[in-house]
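There are 6 protein chains.
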Amino acid sequence: MAETPTVVARSDGRTPDALRPIRFENGIAPNAQGSTLIHWGDTRVICGVTIEDGVPRWMKEQQVAGGWLTAEYSMLPYSTKDRKARDITKGRLDGRSSEIQRLIGRAMRAAIDLVKLGSRTIWIDCDVLQADGGTRTAAISGAWVAVHLALQKLVAEGELAANPIAEQVAAVSVGIVHGHSMLDLCYVEDAAADVDMNLIMTGTGRFIELQGAGEEATFTSDQLAAMLALGRSGVDRLIALQRQAIGLA
Amino acid sequence: MAETPTVVARSDGRTPDALRPIRFENGIAPNAQGSTLIHWGDTRVICGVTIEDGVPRWMKEQQVAGGWLTAEYSMLPYSTKDRKARDITKGRLDGRSSEIQRLIGRAMRAAIDLVKLGSRTIWIDCDVLQADGGTRTAAISGAWVAVHLALQKLVAEGELAANPIAEQVAAVSVGIVHGHSMLDLCYVEDAAADVDMNLIMTGTGRFIELQGAGEEATFTSDQLAAMLALGRSGVDRLIALQRQAIGLA
Amino acid sequence: MAETPTVVARSDGRTPDALRPIRFENGIAPNAQGSTLIHWGDTRVICGVTIEDGVPRWMKEQQVAGGWLTAEYSMLPYSTKDRKARDITKGRLDGRSSEIQRLIGRAMRAAIDLVKLGSRTIWIDCDVLQADGGTRTAAISGAWVAVHLALQKLVAEGELAANPIAEQVAAVSVGIVHGHSMLDLCYVEDAAADVDMNLIMTGTGRFIELQGAGEEATFTSDQLAAMLALGRSGVDRLIALQRQAIGLA
Amino acid sequence: MAETPTVVARSDGRTPDALRPIRFENGIAPNAQGSTLIHWGDTRVICGVTIEDGVPRWMKEQQVAGGWLTAEYSMLPYSTKDRKARDITKGRLDGRSSEIQRLIGRAMRAAIDLVKLGSRTIWIDCDVLQADGGTRTAAISGAWVAVHLALQKLVAEGELAANPIAEQVAAVSVGIVHGHSMLDLCYVEDAAADVDMNLIMTGTGRFIELQGAGEEATFTSDQLAAMLALGRSGVDRLIALQRQAIGLA
Amino acid sequence: MAETPTVVARSDGRTPDALRPIRFENGIAPNAQGSTLIHWGDTRVICGVTIEDGVPRWMKEQQVAGGWLTAEYSMLPYSTKDRKARDITKGRLDGRSSEIQRLIGRAMRAAIDLVKLGSRTIWIDCDVLQADGGTRTAAISGAWVAVHLALQKLVAEGELAANPIAEQVAAVSVGIVHGHSMLDLCYVEDAAADVDMNLIMTGTGRFIELQGAGEEATFTSDQLAAMLALGRSGVDRLIALQRQAIGLA
Amino acid sequence: MAETPTVVARSDGRTPDALRPIRFENGIAPNAQGSTLIHWGDTRVICGVTIEDGVPRWMKEQQVAGGWLTAEYSMLPYSTKDRKARDITKGRLDGRSSEIQRLIGRAMRAAIDLVKLGSRTIWIDCDVLQADGGTRTAAISGAWVAVHLALQKLVAEGELAANPIAEQVAAVSVGIVHGHSMLDLCYVEDAAADVDMNLIMTGTGRFIELQGAGEEATFTSDQLAAMLALGRSGVDRLIALQRQAIGLA
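Protein chains in written order, with our numbering: chain A, 4 to 252; chain B, 4 to 252; chain C, 4 to 252; chain D, 4 to 252; chain E, 4 to 252; chain F, 4 to 252.
One or more of the hints may lead you astray.
Put simply, identical chains are the same to the list, so a pair is met inside one copy or across any two.
What the hints assert, rightly or not - Okay, derived cross-link-like pairs now, EDC-like style, lysine to aspartate or glutamate, Cα gap no bigger than 20 Å in a straight line: (1) Lys93 to Asp45; (2) Lys87 to Glu219; (3) Lys156 to Asp56; (4) Lys119 to Asp90; (5) Lys87 to Glu55; (6) Lys119 to Asp56; (7) Lys87 to Asp56; (8) Lys93 to Glu55; (9) Lys87 to Glu64; (10) Lys63 to Glu102.
These are calculated hints, taken from the structure and not from any lab test.
Required output: the full structure, derived from the provided sequences and hints.
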């Protein structure tokens with residue numbers, strides 16, 4: 004089925020290959036070593052980074068060299084139209100949140116030279132202030148900025164000789180909605196999507212992680228190829244936006 | 004012991020009876036019906052209000068007329084210099100947080116005509132973005148603004164005939180530090196204080212709640228009187244700031 | 004509004020400034036180092052004290068000198084007219100209980116010279132056997148007796164050179180019921196009260212903690228002054244009763 | 004091996020077939036419908052009974068006629084020489100406590116005609132105030148008294164036409180210590196015992212439950228027979244003591 | 004009442020003194036050091052044993068010599084006709100499961116010379132694949148085989164000089180159904196039983212543990228004697244089957 | 004980089020495009036409506052399916068037509084070389100397990116016409132008996148067989164007019180190990196892999212879900228294409244094996 008994307012109407016008038024407006028508000032939580040509030044359309048995620056000396060016990064027991072990085076993701080109760088109960092109220096971590104924070108952790112560990120980090124633990128906290136689709140990709144893209152800021156601060160303070168970030172990391176979603184491939188789904192598009200895919204990639208165009216799933220639907224190899232192409236173009240633009248946010252562009 | 008407050012040096016240069024700079028950034032979480040980010044010196048608390056139809060089961064069972072209001076308080080992990088573990092990680096609600104959220108709920112219920120609210124539940128969520136002392140008083144003072152915004156919205160939408168807020172509510176801390184009464188303690192002052200007191204009062208100068216405690220110390224009736232006077236002057240200024248924040252002054 | 008307390012009818016016929024009958028039944032739990040069952044009208048609280056060698060890990064890590072004191076408060080299921088489910092059944096500590104046990108701990112730490120205690124931890128357990136209002140003030144007043152007994156035992160056994168108790172501590176409630184200030188509210192009065200206040204004071208008339216709250220009501224400075232005066236008179240009598248209980252009067 | 008029990012020295016000077024002194028202090032928790040504090044040597048257990056209208060949901064769903072009875076058992080922290088942490092502090096019900104409360108519930112359900120009870124739930128709470136061995140048998144023996152008192156009260160109030168208790172129930176422990184059968188082990192004997200057995204029996208000499216276990220030891224059929232005989236004699240005396248406690252002897 | 008067991012009809016046609024067919028499928032879980040799937044009629048339990056170096060902290064603190072053994076018991080959700088929710092879903096360990104795993108642990112500790120085991124911990128996991136009555140006796144009988152296999156493996160690998168198993172252990176149920184004593188109750192018989200008893204015995208005919216309980220019923224001394232005789236005959240046959248399973252018969 | 008797969012040595016001697024031996028042992032848990040024990044090399048997963056009448060409350064509240072399907076995944080403690088603690092022991096569901104069970108549920112819901120299922124809930128339980136890599140793909144591939152068996156049984160019993168399975172579903176892993184693409188990684192290969200990818204596909208060659216992740220590594224578009232080709236060939240063979248297992252081939 005040939006797609007004719009130029010005539011697809013999106014809920015917010017974007018073209019199928021357009022990102023929503025994205026900006027980073029750094030320093031939102033000054034007690035953190037690095038922090039940013041990423042505004043991605045109507046999605047807003049606070050990314051706060053704290054770095055502690057020492058590593059988890061399992062690393063000591065297994066005598067793994069270097070440091071560690073771990074992430075936590077949570078939706079603030081007022082981030083959704085209907086109030087979302089806190090995990091502690093329900094008594095257990097939400098399954099979806101658990102999955103996303105594991106994803107953020109893996110993605111960011113792929114970007115950092117943990118041996119160069121030394122015996123330190125990087126904590127990334129991603130708290131969603133407003134949810135309009137794409138919170139996990141916003142969290143990852145913002146987390147990279149906050150980690151960069153935190154590590155630059157350690158370098159500036161003479162704690163680290165060099166910034167152990169090895170790669171730039173950004174993420175974006177793509178999907179198939181009413182038969183059309185689209186970049187960066189907002190909530191109403193996501194709810195209507197047959198297929199939803201997230202790409203996490205490096206600044207040099209390599210894949211870190213790829214997750215595509217049909218929602219009570221399936222997809223073909225051709226559709227996969229179209230989504231990959233759209234996603235790569237989105238990541239390229241995010242990489243540039245992140246560089247601006249840390250003052251490199 | 005006669006106090007000579009004019010010569011007391013405070014950590015940030017304020018006079019003993021001065022508040023820190025306070026401002027309200029409304030609409031920080033647009034999915035909430037009302038929200039504000041209160042900046043109180045270096046303390047920052049997100050106050051988000053969601054209003055749901057219906058009331059808790061116990062109210063139905065006891066056939067209590069009107070609505071309900073409940074509050075939750077949480078410190079974001081990056082709000083303190085050392086990362087604070089999430090409640091869900093520790094598996095239970097922090098005792099201090101539990102105490103503060105009960106306080107916020109009581110204070111705000113005293114301010115609202117719950118019968119006029121009708122069969123609705125007001126959820127107030129207070130998440131501390133940065134903690135530099137006085138988070139509970141900031142949470143209460145901000146919560147009142149956020150609740151007002153949320154209820155005004157219901158009035159504007161025709162859901163409510165009139166705003167059921169009966170009283171304006173603000174809170175401030177006072178304390179005794181190195182023998183001197185001081186208004187609005189920041190973190191380093193609070194850590195050094197012999198006595199710490201919180202006043203929650205109405206716009207008409209009546210008390211809603213009063214909590215004073217010696218930290219491994221005690222205090223006299225005279226010291227109590229001095230603290231009450233300082234506190235009342237601080238509440239008066241907060242009441243005015245809140246009115247500005249909701250466009251009434 | 005002028006109060007005319009002499010004509011106020013109380014549920015149990017007391018005058019507004021009268022305490023209920025109070026007595027201490029020491030040694031109720033002989034395996035504890037100190038214990039007392041405080042009978043306060045129809046309120047009964049078991050206060051048991053155990054003293055362990057060593058201090059919590061955070062004290063060691065922060066190299067704080069001396070000992071520690073911590074309290075736990077719980078209502079036995081049959082203490083109320085309707086059975087109160089155990090915390091473990093609900094899976095989490097009751098918010099109100101958490102708040103009260105933190106209060107007991109703070110009050111008692113203010114009374115003890117923790118450095119003289121040495122590297123020991125005092126555990127105070129307050130279990131409510133019957134609840135008829137004022138359980139927290141009964142718990143504090145009884146806890147002081149039980150702690151005194153436990154520390155005297157350590158002195159008698161030669162474990163401690165001197166009793167590290169620096170102050171006597173007692174607590175009492177006051178409130179405003181139907182417009183009248185009253186001392187020591189029982190359950191039916193407490194349920195009808197507009198304002199409820201707890202005073203924790205030392206044997207020398209200094210304040211340790213003060214908590215006053217309007218229940219969907221507010222109070223004036225004059226009402227505050229009246230309640231403080233009533234409360235102080237009640238504490239004076241409790242101080243004397245405690246001294247009898249430990250054989251000093 | 005022939006036993007010569009007359010020459011066995013017990014820690015407290017009793018003969019092998021002697022019970023410790025036992026008495027019931029009824030009404031210890033007046034808010035409960037029935038309560039007793041059983042003193043069994045140095046073991047003390049508070050047994051409180053509350054009766055609620057209605058039955059658990061599973062009974063309604065399965066349309067089981069009549070009422071229900073359930074028990075909870077807990078050791079107060081100061082009941083043992085070393086403080087025992089509360090279940091809620093550890094976050095889960097102690098395995099041993101869980102086992103004992105299931106035992107109490109089964110034993111008491113065997114004694115009561117649940118159909119005659121009607122659509123009510125009997126809650127039995129057993130809280131150990133002091134533990135010196137035999138807390139589960141004391142809990143069962145005291146629970147029967149407290150349940151009887153509670154049901155008699157319902158009869159007296161005209162709520163029930165007749166007391167639905169069908170059987171009297173008492174329990175006692177026996178054991179083998181240093182090769183000798185002994186009745187009613189106190190803590191030091193229990194700790195030294197090779198075999199520990201609990202008998203729960205009716206007033207007419209029938210078994211409700213029997214639990215015997217070797218502690219890293221085993222026992223023969225002859226030893227079993229000796230323990231059963233001792234146990235039966237102990238239960239007979241308890242049955243008489245219970246009848247005195249409820250005013251029937 | 005004289006029993007005439009030869010005319011009793013059982014749900015599966017067995018005589019009252021007959022066991023169901025029993026066989027052991029060893030090595031079901033090869034990553035365990037020892038494992039067996041015990042088929043006991045339609046009851047199936049996976050018994051897996053893992054042995055770790057080291058002992059629990061309490062043993063180190065109390066300086067207890069030798070090793071430790073602990074057991075966990077769980078019913079897989081599809082083991083019953085109606086799906087049984089997992090413990091983690093309900094948030095706490097099932098009371099019945101907790102009781103059974105404590106029983107398995109006690110029984111197996113009685114069979115093993117823990118000092119000869121050295122500083123090791125034996126974990127026994129019993130997971131019920133299909134439940135048709137008698138899961139606890141199947142678990143114990145299978146656990147002994149799995150532990151034997153695991154320890155023999157340690158001996159074969161030269162880790163242990165000799166197998167520290169001191170006794171053979173097997174368990175079986177007996178009960179009274181419609182007035183008749185019967186060996187090895189299946190689910191429908193168990194549900195109809197007035198009395199249910201479990202015997203855990205050694206290969207030399209000594210008792211390790213004995214648990215008999217009336218289900219809303221009671222039993223006499225004569226009935227107890229009849230059940231004990233039946234149970235012993237069943238254990239004898241199990242002992243022989245276990246020896247075949249480990250290649251000794 | 005050109006791959007020369009014919010010379011790659013795998014830990015078990017397979018060629019890079021070979022699956023491990025796979026077979027299905029149906030009926031392993033007869034109380035389940037459908038069950039299979041999938042043997043996949045040394046990985047073994049019990050897949051049990053129970054079908055209950057009714058749907059979760061959220062479906063009723065949102066008035067969603069048809070049925071529901073949910074999955075639970077757990078590793079038995081003895082499935083790994085070192086014993087894996089149960090979730091209930093740690094007090095919370097393992098993050099990895101939570102993620103995998105959500106994946107199984109999504110995959111199977113994509114395969115079933117939930118409206119045709121009617122108001123029923125399908126529970127899929129996947130318990131890992133032995134883990135040697137690929138447990139999630141084995142769980143999905145086995146779950147499809149068990150669900151098919153369960154639904155066929157409902158059809159045979161006349162409960163359902165037709166089997167609501169719309170698609171066949173199978174899953175397989177691929178990865179890059181030491182620079183070479185390989186199908187179906189066992190544990191030692193998985194531990195050494197730079198990239199790990201799971202493909203879940205239908206019997207007609209469409210994608211349901213795709214998850215690829217670099218483990219502290221990244222991958223190119225060319226490597227992605229090679230892995231997708233290998234994976235598709237593996238799924239084709241699994242589809243045929245499943246058809247044999249249900250008697251269709």
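message = Going through the numbered hints above, which ones does this structure break? Give me the numbers in ascending order.
response = Violated hints: 1, 2, 4, 10; rest satisfied.
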